[in-house]
Amino acid sequence: GQQLNQSPQSMFIQEGEDVSMNCTSSSIFNTWLWYKQEPGEGPVLLIALYKAGELTSNGRLTAQFGITRKDSFLNISASIPSDVGIYFCAGQPGGNNRLAFGKGNQVVVIP
Amino acid sequence: DAGITQSPRYKITETGRQVTLMCHQTWSHSYMFWYRQDLGHGLRLIYYSAAADITDKGEVPDGYVVSRSKTENFPLTLESATRSQTSVYFCASRPGAGGPTSTDTQYFGPGTRLTVL
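Which chain is which? The protein sequence lines are A and B, in order.
Residues in the first sequence are numbered from 1 upward in steps of one, following this note's numbering.
Residues in the second sequence are numbered from 1 upward in steps of one, following this note's numbering.
Think of the hints as simulated: they come from the structure by calculation, not from any bench.
Mixed in with the good hints there might be a few duds.
[Unchecked claim] Derived DSSO-like pairs: lysine-lysine, alpha-carbon spacing no greater than 30 Å straight-line:
no., chain 1, residue 1, chain 2, residue 2
1, A, K103, A, K70
2, B, K11, B, K70
3, A, K51, A, K70
4, B, K11, A, K51
5, A, K51, A, K103
6, B, K70, B, K57
7, A, K51, B, K70
8, B, K57, B, K11
9, B, K57, A, K51
10, A, K70, B, K57
Please construct the entire structure, taking both the sequences and the accompanying hints into account.
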């Protein structure tokens, strides 16, 4: 199956700092999704993007759908301890029922 | 609003036994999916279903069987469990074709952690 490339794989950040992560693909997607997974839980949808160039915010989270439609980024501003978790990107090619997933970014916030 | 639930949350079984993992959603979503999550592999699609009585293979279907007699339920059966099927299993659902922004977003259940001894 198709894989998305997420970088970096893990990040240790100081509380209060901003953190950015991105997701790239070799093919074009019509939808980009960002999920957060906490230990012992399923992925929870954070932001959904449906249009190239779209910039969407959800509280301290901001995500953008890349103009080329082959990438997306997620930014967390002013990180807090509860931001700890694994952040997954997912993308859907047009005319396809399946999502492709990145392997996730592990975020650790140091108080 | 129960959303999407999975049971059991934890299961330990032995090699060769049959195991069924349950998934139930209350949204009347058309599509349902089963994934497994393993270190180093991320989320991999096992099977999915577009509607009741319609199922299709995903990326890693071998050793698994699904059925969908009702829209709200999508059980996953391991007919003869193997150690390589030790994993965390997630069920997900999404609406069918309809509104312009709702079709692609999948919503996940809390997962079932399965250990095969």
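**Study point:** Given hint B:K11 paired with B:K57 - CA-CA distance at most 30 Å
**Key:** Distance of about 24 Å is within 30 Å: holds.
**Study point:** Given pair status - A:K51, B:K11, alpha carbons within 30 Å
**Key:** Cα-Cα ~41 Å, so violated.
Practice item. Decide if the proposed pair is consistent with the structure: B:K70 and B:K57, CA atoms, cutoff 30 Å inclusive. Key: 18 Å, holds
Exercise for review: Please work out if A:K51 and B:K70 have their alpha carbons no farther apart than 30 Å.
Suggested key: 34 Å, violated
Review point. Does A:K70 lie within 30 Å of A:K103 when you go C-alpha to C-alpha?
Key: Measuring from Cα to Cα gives roughly 16 Å; hence the hint holds.
Point to revise | Given hint A:K103 paired with A:K51 - CA-CA distance at most 30 Å | key: 23 Å, holds
Review point. Regarding the pair A:K51 and A:K70, is the alpha-carbon distance no greater than 30 Å?
Key: 12 Å, holds
Review point. Holds or violated: B:K11 with B:K70, Cα cutoff 30 Å?
Key: 24 Å, holds
**Study point:** Given hint A:K51 paired with B:K57 - CA-CA distance at most 30 Å
**Key:** Holds, at about 29 Å.
Check your understanding: Under the criterion that the straight-line Cα-Cα distance not exceed 30 Å, is the pair A:K70, B:K57 satisfied?
Key -> 26 Å, holds
Violated hints for the displayed structure, listed by number in ascending order: 4 and 7.
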